[in-house]
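Please model the entire structure based on the sequences and the hints provided.
Chains as they are written, first to last, in my numbering: chain A, 58 to 192; chain B, 4 to 144; chain C, 12 to 313.
In case anyone wonders, no lab produced these hints; they're calculated from the structure.
Don't be surprised by glycine CBs; every beta carbon is placed ideally from N, CA and C.
There may be inaccurate statements among the hints.
[Said to hold, decoys possible] Pair by pair, the computed Cβ-Cβ distance ranges are:
| no. | chain 1 | residue 1 | chain 2 | residue 2 | range |
| --- | --- | --- | --- | --- | --- |
| 1 | C | Leu114 | A | Gly90 | 46 to 54 Å |
| 2 | A | Thr64 | B | Arg117 | 48 to 56 Å |
| 3 | C | Asp163 | A | Glu173 | 47 to 55 Å |
[What the hints assert, rightly or not] Simulated coverage check for chain B against chain A, where a stretch passes if three residues somewhere in it have a Cβ under 8 Å from a Cβ of chain A:
| no. | region |
| --- | --- |
| 4 | 9-23 |
| 5 | 54-66 |
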Amino acid sequence: MAMANRTNRLSISNEIDLVRARQEVRVQAQAIGLSLVDQTRITTAVSELIRNMLKYAGGGTLEMEIVRNGIRNGLRITCRDEGPGIPNVDLAMKEGYSTSNGLGLGLPGAKRLMDEFNIQSEVGKGTRVTIAKWR
Amino acid sequence: MEKIPIIKVGDTLLVSIQSDLQDQVATTMQSDLLRKIEQTAARGVIIDISVVDIVDSFLGRVLADTASMARLMNAVVVVVGIQPSVAITLIELGLELKQIPTALNVESGLHLLREKIEQQQNGAGSNGFGPEEERARNGHG
Amino acid sequence: MKAQNFHDILHKRKDEVLESWVKQQIPIVGKRGVTPDELRRQCAEFLDLLESVMARGASFELDDPKSAPIVEFLKAVSRERVLKGFTPTETATFVFSLKSVVLPLLQPLAKSEESFTSEVMPFSILLDQLGLLTFDSYLDTREEVITRQNLDMAELSTPVVKIWDGILALPLIGTLDSKRTMTVMEKLLQKIVETTASVAILDITGVPTVDTLVANHIMKTVAATRLLGAEVIITGVSPAIAQTIVHLGVDLSGIQTRATMAEGLKLALRMTKQQLTDEQRRDGVQPLEKGAQTANAQKGRS
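Quick look at the structure:
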């Protein structure tokens, strides 16, 4: 059973918050001993998720938790917004909707980078994406 | 707000990007660079990202667009110094950046620039192949 | 209280116990490279610890914090013995041989049922527990050694070697799994940066099969290598792997392949010299587009 440890919460409302959040995530990732590549992966995934929040919901919150599962350490990040929500999550997660052509939400890319990826969204209410990387 | 310096070295422009940019700094760099290309009639540009430890879809897009825009102004852009972990992450994210020539460092970047510029002058496509080969090789990035 | 009796006996006849105990073990530890002096020192320390632990009134329970010093000591002894090549039994003998020396001395206490139960039995049980503890520690240390050896093997089995100026070789051997392929990729990229290499020859002669995941990782590796301005040549593709790759629908058409590492090296040398004769161009050798990382790259133009 994974047990959560410390939790950090950041509110995201503009670009400066984006840069700050990326730096925070990297610091945490380093602190729990993730490899350099994994640090880069999680920081990049977070960047994509935050961009979504800013673009579609004008902002949101980001929560960082250090989690433990037996002897393994991990970093779990939850992005929550109260934006319009995603009408068709399955479609959004399809490959063709990558942000490289500016059309989509970068979600499939973020998922590929992570060990865990969970998304819940309700139209009119908001979206919550949880990602995690384990050591 | 910080500005990214653009230095002229011969007829090449050298752009050194520092770590963790705000979006606006990146887009300003793009317009500054294009303006400088026009001013100096530079034929080649080296964008050095060896100090950048994260390239997300936004910065990837800016780099790709910058290369395309510069090409329209007859300047070749070479990106150098992609860190290994950044390279791996870019591929996993789905941004292969196939349309941008890349090199390991400024020195090899300059070699590559010279090659590309020469190829252009000799009438080959932007990556030295004939039209068919170029189409076959250029996947979308 | 009554434990004092047993304690007294141990205390009074300590030297005698020590000598007998050491003597019993010498035939065993001698062949493992432990000198009699070392052995005597270890045994003496153990007896001291045993005394002090009992004097502090420790219950004969191993997870009693008061027993901690003796538990730590035994763990250290076990560890040392694993690394010296002792068998588990030989390691446990450290404690069990003490038992066989002391029990006879407790004979007088065995006379009455009461003192047998309160003196001799607990002592026997304690030593049994301590003996088993050495066995557990032994296993833990052994596992540690094996884990480290596995890591070493993983290191050795993913070599990335500079075989020429600007040219790296990766002779992969054995089944590739996802993790190993990832390790290879990270190592390769790091080595490209370190050696400013512009060509990497990935030899899979020694790889029996690949699956989709591994094939994808290889594609990833090639793409990442190109971002670093280098090219990949794949050599040693067996018929089986060739079939698998096509059936999986993996598109390796943009990648140069050769039958052997030697052929691959020839190609790599031509690519890095960047001097192509017309004949070579006809062979389909493309000049290295992304590269010329070699510091001494010839710049001749035909």
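Q) Which hint numbers does the structure go against, in order from smallest to largest? A) Violated hints: 3 and 4; rest satisfied.
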